[in-house]
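K.L.:
Letter by letter, the chains look like this.
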Amino acid sequence: MNHSMSFRATGRKDIFLSAEITSTVWGITPWSDELLKISGDVGRGRALESDYWQQYLDDFQNYWDVLEVSGITYRNGDWGGGTKDYFRETVESSYGFEEGVDEAPVTRIFDTNTFYRQPTIAGPLGRKYELWHEPYQIWVENVVPAIDHPTVLQPTLLSPYAFSKLANRSDKVSEDTVHRFVDELYSSLLDEISDQRAGHVLFHEPYAPYYQVGPSERAWLRHSIGSLALDHPKLKVGLYFSYGDASEFIADFAKDDRLDALGCDLQKTPIESLPRLPNHRFLAGLVDGANTLLKSDDEIHESLKITANAIRAREVSVTHTVDLEHVPRAYAIEKIKQLGRIGQVKLEEQ
Amino acid sequence: MSELLLTQEVGSLAKPDWRVQPINGQPVSDTHISQAVGLAERLDIDTEETLSILQFAQQEGHNLSADSEQAIKLLAARYAIRLQEKAGLDILYDGEQDRPEMYQDAVEKIAGFEPRGRLRAFDNKSFLKSAITARPEFEEPWYDSEFLRAQHLTSRTVKVPITGAYTIADWSFDEYYQKRQQDGGLGLPIGEAKRAFVLDLADRVIRPAIASLVESGAEWVQIDEPAATTKPAEVPLFIESFNRSVAGLAGKFSVHICFSDYSLLFPHIEELENCSQFSLEFANRDSRDLGVDKHHRPAYEILHGFKQHAPDTAIGLGVTSVHDNSVEEVGVVRDRILRAVDIVGDPSKIYPSPDCGLRTRSWEVAYDKLVATVEGTQLARQAIE
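Listed in order, the protein sequences are those of chains A and B. Numbering (the working numbering) for the first sequence: 107 to 456. Numbering (the working numbering) for the second sequence: 473 to 857.
Heads up, a few of these hints could be off.
[Said to hold, decoys possible] The calculated lysine-lysine pairs, modelled on DSS-like cross-linking and capped at a C-alpha distance of 30 Å, are:
{"no.": "1", "chain 1": "A", "residue 1": "443", "chain 2": "B", "residue 2": "766"}
{"no.": "2", "chain 1": "A", "residue 1": "143", "chain 2": "B", "residue 2": "545"}
{"no.": "3", "chain 1": "B", "residue 1": "766", "chain 2": "A", "residue 2": "143"}
{"no.": "4", "chain 1": "A", "residue 1": "143", "chain 2": "B", "residue 2": "558"}
{"no.": "5", "chain 1": "B", "residue 1": "821", "chain 2": "B", "residue 2": "766"}
{"no.": "6", "chain 1": "A", "residue 1": "234", "chain 2": "A", "residue 2": "340"}
{"no.": "7", "chain 1": "A", "residue 1": "143", "chain 2": "A", "residue 2": "443"}
{"no.": "8", "chain 1": "B", "residue 1": "545", "chain 2": "B", "residue 2": "558"}
{"no.": "9", "chain 1": "B", "residue 1": "581", "chain 2": "B", "residue 2": "766"}
{"no.": "10", "chain 1": "B", "residue 1": "724", "chain 2": "A", "residue 2": "234"}
{"no.": "11", "chain 1": "B", "residue 1": "821", "chain 2": "B", "residue 2": "558"}
{"no.": "12", "chain 1": "A", "residue 1": "443", "chain 2": "B", "residue 2": "597"}
{"no.": "13", "chain 1": "B", "residue 1": "581", "chain 2": "B", "residue 2": "651"}
{"no.": "14", "chain 1": "A", "residue 1": "342", "chain 2": "A", "residue 2": "234"}
{"no.": "15", "chain 1": "B", "residue 1": "724", "chain 2": "B", "residue 2": "558"}
{"no.": "16", "chain 1": "B", "residue 1": "703", "chain 2": "B", "residue 2": "651"}
{"no.": "17", "chain 1": "B", "residue 1": "779", "chain 2": "B", "residue 2": "724"}
{"no.": "18", "chain 1": "B", "residue 1": "779", "chain 2": "B", "residue 2": "821"}
{"no.": "19", "chain 1": "A", "residue 1": "278", "chain 2": "B", "residue 2": "597"}
{"no.": "20", "chain 1": "B", "residue 1": "545", "chain 2": "B", "residue 2": "597"}
{"no.": "21", "chain 1": "B", "residue 1": "597", "chain 2": "B", "residue 2": "558"}
If you're looking for bench data, these hints aren't it; they were derived computationally from the structure.
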């Protein structure tokens with residue numbers, strides 16, 4: 107259901123200026139045409155692996171430059187612009203999954219025309235080697251030290267609850283056990299992220315809103331996210347909901363001060379159904395990440411005002427509704443620039 | 473042709489290098505010729521014709537003539553059909569050799585769309601996605617000549633695939649229906665915009681394209697709707713668009729859906745009109761072990777729902793996966809079919825097939841998978857008879 111009409115009328119007093127306004131870019135970014143081509147050429151023996159990695163690094167640098175120039179406050183430094191799907195890098199760098207993820211069933215990501223290879227959890231999960239592959243490591247060593255405000259680095263991970271639900275499991279592994287195995291794996295992942303100078307981590311949770319899961323499932327989600335946040339005090343943990351109405355899920359976490367940030371796709375969630383969040387940073391999914399249509403800055407700005415007035419969060423961070431990989435790279439860049447403009451305009455007004 | 477358990481393809485095959493590269497500006501090479509001749513020998517096609525066409529095209533270098541281009545396209549269609557005939561399929565098409573890709577091909581034929589860029593679909597596979605920027609218009613027949621060519625090339629039953637209205641809309645960006653009126657759009661909220669978009673496509677584009685095919689003699693049109701079950705709330709919209717796309721037309725119409733949750737179709741498919749078959753992907757999500765019980769064949773349990781809600785509609789039964797190179801054991805194919813027959817009850821309602829189009833596989837792998845489909849079907853027939 108679409109709730110874009112929610113923003114069209116408000117009689118509330120404008121208290122917008124009491125909230126700090128920032129911007130956030132998270133999730134998987136689209137591959138460039140060049141990277142897609144070289145990747146295909148490598149598979150057909152027409153290009154070298156080194157050509158692929160050079161293009162990957164070029165795209166990575168270009169992406170970071172866009173974030174920097176746009177003035178985005180919270181940035182997914184892990185990028186994901188060469189990632190084949192939500193799972194692949196984590197699965198390939200971990201043990202406990204069935205072998206052969208590259209030939210695992212192709213499975214649709216909810217209502218999109220994007221797919222993932224569904225991994226199968228076969229036993230206890232653990233890390234074989236660190237998540238960050240070589241090109242990222244080079245970037246971390248060469249670019250990150252030049253950043254004078256490292257807390258803006260906010261890698262995105264699929265939430266452990268969604269990971270458990272979207273992966274397959276072998277007959278030997280019960281559903282309850284899968285949740286425990288995945289939480290243990292994520293604890294190791296957060297240790298790695300802490301070591302990469304990231305001050306924040308954002309969990310993306312699409313499963314619960316898409317399927318509107320019931321109370322017992324919501325309890326798993328709360329337990330999983332809350333425990334990971336508690337066990338990693340150096341990281342500020344955020345949780346972003348997409349692909350469905352997130353009202354009930356945001357309400358579940360509204361009083362949970364273990365989480366630094368909460369947010370959702372505001373095309374799917376009516377703003378009037380959300381609770382006030384005075385102790386959280388709120389990620390307002392207002393820029394459509396699934397459509398090339400670029401709304402005017404004024405229109406987004408107006409929606410942001412209404413959101414800030416309704417949520418009363420200490421900080422409102424304007425962001426995109428879903429992963430930007432669902433629009434071509436040139437449009438993703440335009441949307442990032444718009445997010446930067448919206449965030450900066452308000453900062454200046456304050 | 474046995475009337476029991478007829479085998480069928482679903483749509484696309486890969487395009488050989490000797491078909492793609494010369495038409496994209498590369499000269500025909502000796503490698504192209506040897507690949508084509510090698511394939512001709514494997515498919516029992518006269519190599520003289522292949523040699524004659526490609527050697528003539530080779531002499532043209534970069535400046536391929538229109539005649540050579542047409543001859544190469546015809547050759548590719550002939551090869552694709554022959555590959556399916558040799559594998560033993562009962563119902564086939566030309567492997568969509570003239571179509572770049574099911575979505576791109578459709579939107580390039582519709583006035584009102586503009587390309588926006590490439591998007592990754594899975595792994596490193598991508599497609600060119602477009603935006604609707606004006607009200608869509610049907611301009612001229614889409615596949616009439618393609619169908620007539622295929623019919624000329626085979627004596628077997630021909631089934632013509634066409635991308636459906638819901639999927640075209642769902643896979644497109646909307647820069648018209650949602651856009652503000654003062655900026656040249658309709659200014660509709662997202663939900664209303666989607667409905668208007670889908671039904672405009674059904675009424676103004678897809679139905680005229682199908683009507684034209686029927687007028688040209690096509691007896692069976694498969695409407696490809698892989699997006700049909702991706703947005704639960706919009707399944708009724710898909711049903712409405714299908715019904716409007718075939719309303720009042722004489723002929724046989726089926727629908728292909730894949731890689732999604734089919735349970736979302738229930739009970740809505742009770743409202744489908746003039747749909748003779750659901751062609752569905754199953755093998756991708758099934759076990760690879762032998763066995764005909766529900767524990768060995770978990771993917772096919774959903775057929776109970778189809779039997780309950782659409783008992784008269786046939787099933788195009790995906791028994792071979794299209795996203796990996798390992799060729800299924802024929803015993804597994806047989807068991808998948810027997811499980812489906814056990815649930816559906818009537819073997820004449822089961823049409824074994826690959827899960828989807830085989831365009832991401834090489835022709836060698838595609839051929840082996842089609843042979844596995846046919847041989848597994850033969851074993852299933854023997855078991856039933």
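K.L.:
Compare the structure with each hint and give your call.
P.N.:
Hint check:
no.: 1; hint: A:443 <-> B:766; verdict: violated (52 Å)
no.: 2; hint: A:143 <-> B:545; verdict: holds (24 Å)
no.: 3; hint: B:766 <-> A:143; verdict: violated (42 Å)
no.: 4; hint: A:143 <-> B:558; verdict: violated (34 Å)
no.: 5; hint: B:821 <-> B:766; verdict: holds (20 Å)
no.: 6; hint: A:234 <-> A:340; verdict: holds (23 Å)
no.: 7; hint: A:143 <-> A:443; verdict: holds (26 Å)
no.: 8; hint: B:545 <-> B:558; verdict: holds (20 Å)
no.: 9; hint: B:581 <-> B:766; verdict: violated (44 Å)
no.: 10; hint: B:724 <-> A:234; verdict: violated (54 Å)
no.: 11; hint: B:821 <-> B:558; verdict: holds (24 Å)
no.: 12; hint: A:443 <-> B:597; verdict: holds (27 Å)
no.: 13; hint: B:581 <-> B:651; verdict: holds (23 Å)
no.: 14; hint: A:342 <-> A:234; verdict: holds (25 Å)
no.: 15; hint: B:724 <-> B:558; verdict: holds (25 Å)
no.: 16; hint: B:703 <-> B:651; verdict: holds (22 Å)
no.: 17; hint: B:779 <-> B:724; verdict: holds (20 Å)
no.: 18; hint: B:779 <-> B:821; verdict: holds (11 Å)
no.: 19; hint: A:278 <-> B:597; verdict: violated (33 Å)
no.: 20; hint: B:545 <-> B:597; verdict: holds (24 Å)
no.: 21; hint: B:597 <-> B:558; verdict: holds (29 Å)
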